[in-house]
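Listed below, chain by chain, are the residues.
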Amino acid sequence: MQHYLSLKDIDSLPQWVEEAKSLKADPRQHKYLGQGKTICLLFFNNSLRTRLSTQKAAMNLGMEVIVMNFGSEGWALEYEDGTVMDQGTSEHIKEAAQVVAQYADIVAIRAFASLTDKKKDEAEVVMNGFKKYAGIPVVNMESSVGHPLQALADAITLSEQNTKKRPKVVLSWAPHPKALPHAVANSFVEMMKLQDADFVITHPKGYDLNPRLTKGIEVEYDQEKALEGADFVYVKNWSSYDDYGKVLSLDGNWTMTKKKLANAKFMHCLPVRRNIVVADEVLDSEDSLVIEQANNRTYSAQIVLKKLLESIK
Amino acid sequence: MQHYLSLKDIDSLPQWVEEAKSLKADPRQHKYLGQGKTICLLFFNNSLRTRLSTQKAAMNLGMEVIVMNFGSEGWALEYEDGTVMDQGTSEHIKEAAQVVAQYADIVAIRAFASLTDKKKDEAEVVMNGFKKYAGIPVVNMESSVGHPLQALADAITLSEQNTKKRPKVVLSWAPHPKALPHAVANSFVEMMKLQDADFVITHPKGYDLNPRLTKGIEVEYDQEKALEGADFVYVKNWSSYDDYGKVLSLDGNWTMTKKKLANAKFMHCLPVRRNIVVADEVLDSEDSLVIEQANNRTYSAQIVLKKLLESIK
Amino acid sequence: MQHYLSLKDIDSLPQWVEEAKSLKADPRQHKYLGQGKTICLLFFNNSLRTRLSTQKAAMNLGMEVIVMNFGSEGWALEYEDGTVMDQGTSEHIKEAAQVVAQYADIVAIRAFASLTDKKKDEAEVVMNGFKKYAGIPVVNMESSVGHPLQALADAITLSEQNTKKRPKVVLSWAPHPKALPHAVANSFVEMMKLQDADFVITHPKGYDLNPRLTKGIEVEYDQEKALEGADFVYVKNWSSYDDYGKVLSLDGNWTMTKKKLANAKFMHCLPVRRNIVVADEVLDSEDSLVIEQANNRTYSAQIVLKKLLESIK
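Line order of the protein sequences matches chains A, B and C.
Letter by letter, the first sequence follows residues 104 to 416 in this note's numbering.
Letter by letter, the second sequence follows residues 104 to 416 in this note's numbering.
Letter by letter, the third sequence follows residues 104 to 416 in this note's numbering.
Isolated chain A (complex conformation) (with noise of 0.2 Å):
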């Protein structure tokens, strides 16, 4: 059974990239290929871009779309095994699961970290729960740990706007009022992994990421050492990861500025607060690059799918 629960999923990262390219160029060209078949989408976060690109995405493929906000229309789930269920939640993931597969060919989820429990938010259990006893492809719409989707529209965007052998890349962290997860760190991390890129990764003390994850990859404290001659810079918040789900700083000396950026192009997943992550002279400027990233969705959503669709012909 194939799923798309993490880059690890892929198999050629480039040809996967040249694919959705191709998808973008003629976003119709396989309008037959998902007749018949029908994707739920499972929301039990919030969601703009993912909630739109994703049912563009289907409904490209000519798949029919069911949207579902689990949190609110559904049932409390349960994950636990064993669990004698006496208290607010409803249902299991074993029957949930199952149940939802009755009904879809291929299941999207997104499920926040909760950002209290390190050690839960680590296991998926939605993700994985999904997975182990749904039966059909699995597709991360931003899990606890990962959101590769946006890491995949992030490469379909620099392979379109790269026109250097090897440029340089830096992930930049950026203040933030509230505690965010690491989803979209991680996920773009282990997408530069596949990259011939020079990749350096800067943030405060305190906020290193995942190590397992950032193993072999550059870290530099000092974001302007980090800047230096960088091609693009891709700045978002992540709360620290080692003192689990806090926000240890609020510099407003990590905000992204024009100077900053110099020559780069400026990259984020969006939503995005201004003048706290970002200068407004940088989103308002052409070294902006978040709208092509946010249209990438629709293509990274959708060859996704179609790998997924042929997958279960």
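Please keep in mind that the hints were generated in silico from the structure rather than gathered at the bench.
Be aware that one or more of the hints could be misleading.
Because identical chains share one entry, a pair is satisfied inside a single copy or across any pair of copies.
What the hints assert, rightly or not - Listed below are the simulated BS3-like cross-link pairs for lysine-lysine, each with C-alpha atoms no more than 27 Å apart in a straight line: (1) Lys-416 - Lys-235; (2) Lys-349 - Lys-339; (3) Lys-124 - Lys-361; (4) Lys-197 - Lys-339; (5) Lys-197 - Lys-361; (6) Lys-234 - Lys-362; (7) Lys-271 - Lys-111; (8) Lys-410 - Lys-134; (9) Lys-296 - Lys-416; (10) Lys-416 - Lys-134; (11) Lys-235 - Lys-361.
It should be emphasised that the depicted structure is a prediction, and the values quoted were computed from it without experimental measurement.
Following the hints, put chains B and C in place on chain A, whose structure we already have.
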């Protein structure tokens, strides 16, 4: 005007079951029947199976589907005649039902029992309001007193699984921490009246269902005795009918176990609380039919929509 | 770029009304026009008629429809320029509008008046933000100051029902327990300016609408006098414009009755509070046009979408 409000709207249960099984064998065989026709699914309560399976059934028939969570997305409805509407309700069922009918060819509605006002629940004001005023076919996706799409799916499942001329079927109450409606039990009883089977209901004293429904049906308060020689055991919690909406017992002795089930098949409409209603060992065994029941919800809805579409052609 | 933000976006009302009536006669006649085109309906507020009729209209034209409750499913939007976004808003309208436009060919938006900040309401920040930044046609599904899809449906209804060369049409205020926006009344007034009719507005003192809109239109504070010889009476509550958003009167003498209506036809946009805004005897009589008005919402939306689709081909 044809509707599907209760089992009474089925002219021949065996025939509908056979037609549903034929739809299951080739779900898209009538994919042009619903072309240009719209179904509107109105949810006043949460739903997983009903939400997904009814959408799927409608799409299998080529219909266009509009889903609306009436409670959170629409206006609070008034059901009383002659009210001076100066309180919490913004729109009368008279207008709402007629308005929905301007945009839909069929309307399907879920509106649970309050469990606080027996008389009002039995009046089925939402379902009957739409029936009275909409002027289009109305489908019951679980009302305050019945869940006929579930019962029809159960009939399909029984038909597929039964190997005896006259099987023994037991409806067995189970404990549950929350007060649940009688709708599923009621419709299962109504459906069993149309079956050639030995049918027994078992529950603790105080949990008798509406006597108008169970008239002539054997009720055995000793669960062990009731289960003797059973071929199918349908387990379900409901709150007290006499002491309306109350939880009178949480007695774990009524939980269904492998030993009690013996050689019977286990049935439940889901969602189910594990190790309260039924032990893991039952749900995780080959004897559980719950996923097959969920699967048959699609074909139960599909045969109903097919009949209604044919009636309005 | 064409939009449908107010009645001003109609080049010829009589011609649009005739085309809408032709669509009504055969709603699927242009079912291929919208093929491969996507409309995104964004709701910042509740909706019944607008939600269903706009979906229906888009499907009649063969469009793919994505519905999103932006308030509960998306991110809190910022509308001010230059804000340091360290408070409750997560995403700026600049990004949100451009992002939605990556996935949709047309965007339709509902965003009610706050009724607390007149200046902000009149700036129509949501609608104008999308107009300014999205770069795709924007449809007003009721903004803080107008409801032009409703007014266009009302024009269709008047055209179907009127038998006189120059009918008398009265817009009559009615009491309501809650403070309601001016949008429906405003757009009705704008629409009536384009009609060949005697048009009178009547309401208690203190309820004058925006004088820029009503300039040159007769306002009569005596309801009885205003209603004399009326052919059509459009009843609607709105809160005070001068004492912005306040309920100044609950005077039941303004409730529409059969006697007051005399030989006129009754119109209202719905939802309507019975026996507060209008007596049962009126709504339940042959003289009420409210269901026909609701029906015409489909063709009002459909002619608008048809014009926009033709403009972006």
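* To do: If the cutoff is 27 Å on CA atoms, where do Lys-124 and Lys-361 land: within, between, both or neither? Let me know, please.
  => Answer is neither: 29 Å inside a copy and 55 Å across each miss the 27 Å cutoff.
* First find the shortest C-alpha distance between Lys-197 and Lys-339 inside one copy, then the shortest across copies, and answer within, between, both or neither for a cut-off of 27 Å. => Classified as between; 19 Å across copies, 35 Å inside a copy.
* Intra- versus inter-subunit Cα pairing at 27 Å for Lys-271 with Lys-111 -> So Lys-271 and Lys-111 pass the 27 Å test inside one copy only (23 Å; across, 51 Å).
* Is it within a copy, between copies, both, or neither that the alpha carbon of Lys-416 lies no farther than 27 Å from that of Lys-235? -> within (21 Å within a copy, 44 Å between copies)
* Asked: Can you tell me if Lys-235 and Lys-361 fall within 27 Å by alpha carbon in one copy, between copies, both or neither?
  -> Answer is between: at 24 Å across copies they meet the 27 Å cutoff, but 47 Å inside does not.
* Can you give me the call for Lys-197 and Lys-361, within, between, both or neither, at a CA distance of at most 27 Å? => between (50 Å within a copy, 18 Å between copies)
* Asked: Between copies, within a copy, both or neither: which fits Lys-349 and Lys-339 at Cα up to 27 Å?
  -> Answer is within; shortest intra-copy Cα gap is 16 Å, inter-copy 44 Å.
* Same-copy or cross-copy closeness of Lys-234 to Lys-362 [CA-CA at most 27 Å] -> neither (46 Å within a copy, 31 Å between copies)
* To do: Could you figure out if Lys-296 and Lys-416 sit no more than 27 Å apart (CA to CA) within one copy, between two copies, both or neither?
  => neither (32 Å within a copy, 42 Å between copies)
* Is the C-alpha distance from Lys-410 to Lys-134 at most 27 Å within one copy, between copies, in both cases, or in neither? -> both (14 Å within a copy, 26 Å between copies)
* **Alpha-carbon proximity between Lys-416 and Lys-134, which holds within one copy, between copies, both or neither at 27 Å** => both (15 Å within a copy, 20 Å between copies)
Consistency note: the structure conflicts with the earlier hints numbered 3, 6 and 9.
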